[in-house]
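Q: With the hints as extra help, turn the sequences into a complete structure.
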Amino acid sequence: MSALDVFEQMTPDQAPAAPRRRRQTPAEAEYRRAAQAIVAPALQPDGVVLTRASSVKVMPVRWLWQDWLAQGKVHLLAGAPGQGKTTIALAFAATVSAGGRWPDGRRCPPGNVLVWSGEDDPADTLVPRLMAMGADLERVHFVEAARIDGELLPFDPARDMLGLHAAADQVGDVRLLVVDPLVSAITGDSHKNTEVRRGMQPLVDLASSMGAAVVGISHLSKGTAGRDPTERVTGSIAFTAVVRVVLLAAKTKGDDGRDRRILVRSKSNIGPDDGGFEYHVEQVEAAPGIETSVVVWGGAVDGTARELLAVAEQDGDDDARAEASDACQLLAAELVSDSWTPADKACKPLRDAGFTKKQIWAASKKLDVIRKKGGMGGGWYWRLPGGADPALEGSKGEGSAEDSEGSNNLERESSESSGRMESSAARSLEAATP
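Under the numbering used here, the first residue of the sequence shown is numbered 1, with each subsequent residue one higher.
For the record, the hints were derived by calculation from the structure and aren't laboratory data.
Careful: at least some of the hints might be erroneous.
Cross-link-like lysine-lysine pairs, in silico, DSSO-like; alpha carbons within 30 Å at most [to be verified]:
| # | residue 1 | residue 2 |
| --- | --- | --- |
| 1 | K348 | K366 |
| 2 | K345 | K373 |
| 3 | K348 | K358 |
| 4 | K251 | K358 |
| 5 | K373 | K358 |
| 6 | K251 | K267 |
| 7 | K251 | K357 |
| 8 | K373 | K251 |
A: Structure (structure tokens):
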């Protein structure tokens, strides 16, 4: 008889009793609840997750530098070439690492700093600047490479951001991350809004998770004077939209007529968005035989970024106009209207005064200089307009601006075609001057 036959012949009272479940220990019960909490989200249906405002725990902005640099946020520092942007960022790093004072006199608690630079060498540029500005070099760390399967590869933000976070955790107490240039964090097209936002998000997440202030360095686009300063940053507008604070560095004139530099706030979603500080860049000796640059901070300045930059650009325009006037006076002193002067002789005083060929050409256009080519391999001759047209022995024809440059109309084109004119001017002046 099989076991199945025996089971079928059994009466209900002969069936074996159901096994009794053993009571869980407190530890087993806690483990079961933890396991269910882990698995539960995966078992929830797909859909939009909402958070009730009353369940959000509010907290203040944590400032590394009050109203200027916020922990857990991304900042952008922009300016024209030569304004000392990298040196400013390293001044921030020196202040954080050494627990120094900010330009407004506030003390900064000491912390660790990460520097990710794709443009300057630590050995001959970055470390000397940090040394000269009093940084604690034990607290400054450079992002150099990523080790993948035992091989050192160049740091790739698209691949290595989690690794950078892990490295920052090992260092501990990272308060500041400098990214120079900020565009190096973007793997796609830096002029496309969606690609910039996609590329910036890992950096935003990194700043938030580390609780560090991230400062990225960028440039201002050429030919944007007069526009909103925030819109002048090179690349997509997404750069300035994603970051919480935009800082701009610019050069202007002081009341004494001397050059001065200013650092101003152009945008802030979390604090004041105006005001700034004067600074200047000095050359010092960081160590015997090692010259480097440092930032020396000055006093506070009032006004919006647009107002302060407008003053700086007006000063630049005034300088350019003054230089153009000087060039015209020098050139006019070398030319007359009733005789021809060799172009190289006329231009020599201007070259000796430091004027470029482009500036000399602009001065000649402003004076409506007439040019003629000498015959038999001769050079160019210039004269001022007016009076009878003097003969030029061996010339190729009657002298006029049209003879040597093609057209007076071309010279008087609007500024919209200035790029073509400058190129033509450079070629013509190259031929007309040694």
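Q: List in ascending order the numbers of the hints, as given earlier, that are violated by the structure.
A: 8
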